[in-house]
Amino acid sequence: GAGVSQSPSNKVTEKGKDVELRCDPISGHTALYWYRQSLGQGLEFLIYFQGNSAPDKSGLPSDRFSAERTGGSVSTLTIQRTQQEDSAVYLCASSLYWGSLNEQFFGPGTRLTVL
Amino acid sequence: QQQVKQSPQSLIVQKGGISIINCAYENTAFDYFPWYQQFPGKGPALLIAIRPDVSEKKEGRFTISFNKSAKQFSLHIMDSQPGDSATYFCAASTLTGNQFYFGTGTSLTVIP
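In the order they appear, the protein sequences are chains E and C.
Number 9 in the numbering used here belongs to position 9 of the first sequence; there are no gaps in the numbering.
Number 81 in the numbering used here belongs to position 81 of the second sequence; there are no gaps in the numbering.
Bear in mind the hints are in silico, worked out from the structure with no lab data behind them.
One or more hints might be untrue.
What the hints assert, rightly or not - To be clear about the criterion: a stretch of chain E counts as covered by chain C if any three or more of its residues have a C-beta under 8 Å from a C-beta of chain C, and this derived list gives those stretches:
hint: 1; region: 42 to 51
hint: 2; region: 93 to 101
hint: 3; region: 104 to 115
Said to hold, decoys possible - Reference excerpt, derived from the structure (chain E facing chain C, CB under 10 Å, subset only):
hint: 4; residue: Ala2
hint: 5; residue: Gln6
hint: 6; residue: His29
hint: 7; residue: Tyr33
hint: 8; residue: Tyr35
hint: 9; residue: Gln37
hint: 10; residue: Gly59
hint: 11; residue: Leu60
hint: 12; residue: Asp63
In this text the structure is predicted, and so the values were computed from the model without any measurement.
No residue lacks a Cβ here, since even glycine has one placed at the ideal position from N, Cα and C.
Assemble the whole structure, with the sequences as input and the hints as a guide.
Right, dumping it as structure tokens:
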């Protein structure tokens, strides 16, 4: 079966523009996670969804970031008024159920460049 | 504040050698420690994981050593191969939690 897919694979935008990043999790996976990977910074946890619900949004870097998940499947991460410091690879992962022992399967990421 | 500290940042090993990557943590509530392997252009993939009730876990050429008292754990890659060249991330979490705290990654290059 297909793994986690993300689109676009690359996004170049101008400072101040809004961007939407899409994640298609593995079919049937109830949990979905967003991470940001910056050079030399490892993976920074942003938000997770259990079904369509995001119990904890405190990992989002600022109020310019938002995420939603519909139908227990596709998720979008929206960054409004992008800044140069938002440039990074945004990774999505899904797992069958929520909880640490459930293996997270990662997508290839979206590389965002803010000029 | 970095919850998990990883070293070295980069590592070059000869084929057949042993690669060792170290991680340290502060939060004693952590009780699940996975390692992820990431190839260029790909997302990370789970390699091996350990819980603190054991001091060592081995899967093929990959071994995790865990020192609970020192709050440290490490990944050993025996008989390193060029195909092992990738970035390796350690992580920590609580079993009841959903959030993983990742280290900053180690770029491993295995020279033929």
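To see whether the hints hold, each was checked on the structure:
1. Note: the region 42 to 51 of chain E has 6 residues with beta-carbon separation from chain C under 8 Å; the three-residue rule is met and the coverage holds.
2. For the region 93 to 101 of chain E, the stated coverage by chain C holds: 5 residues have a C-beta nearer than 8 Å to a C-beta of that chain, and at least 3 were required.
3. Coverage of the region 104 to 115 of chain E by chain C holds. Counting CB-CB distances below 8 Å, 6 residues qualify, and the rule asks for three or more.
4. Hint on E:Ala2 is violated. Least Cβ distance to chain C is approximately 14 Å, over the 10 Å limit.
5. About 8 Å separates the beta-carbon of E:Gln6 from the nearest beta-carbon of chain C, less than 10 Å, and the hint is met.
6. Hint on E:His29 is violated. Least Cβ distance to chain C is approximately 13 Å, over the 10 Å limit.
7. This hint holds: E:Tyr33 has a C-beta 8 Å from the nearest C-beta of chain C, less than the 10 Å allowed.
8. With a cut of 10 Å, the hint placing E:Tyr35 at the interface with chain C holds, because the nearest CB-to-CB distance is about 8 Å.
9. A hinted interface residue such as E:Gln37 counts as satisfied when its beta carbon comes closer than 10 Å to some beta carbon of chain C; here the least separation is about 9 Å, so the hint holds.
10. Satisfaction of the interface hint for E:Gly59 is found here, the shortest Cβ-Cβ separation to chain C being roughly 7 Å, below the 10 Å cut-off.
11. Annotation: interface hint on E:Leu60 violated; nearest CB of chain C at approximately 13 Å, more than 10 Å.
12. For E:Asp63, the shortest C-beta to C-beta distance to chain C is roughly 20 Å, which exceeds 10 Å, and the interface hint is violated.
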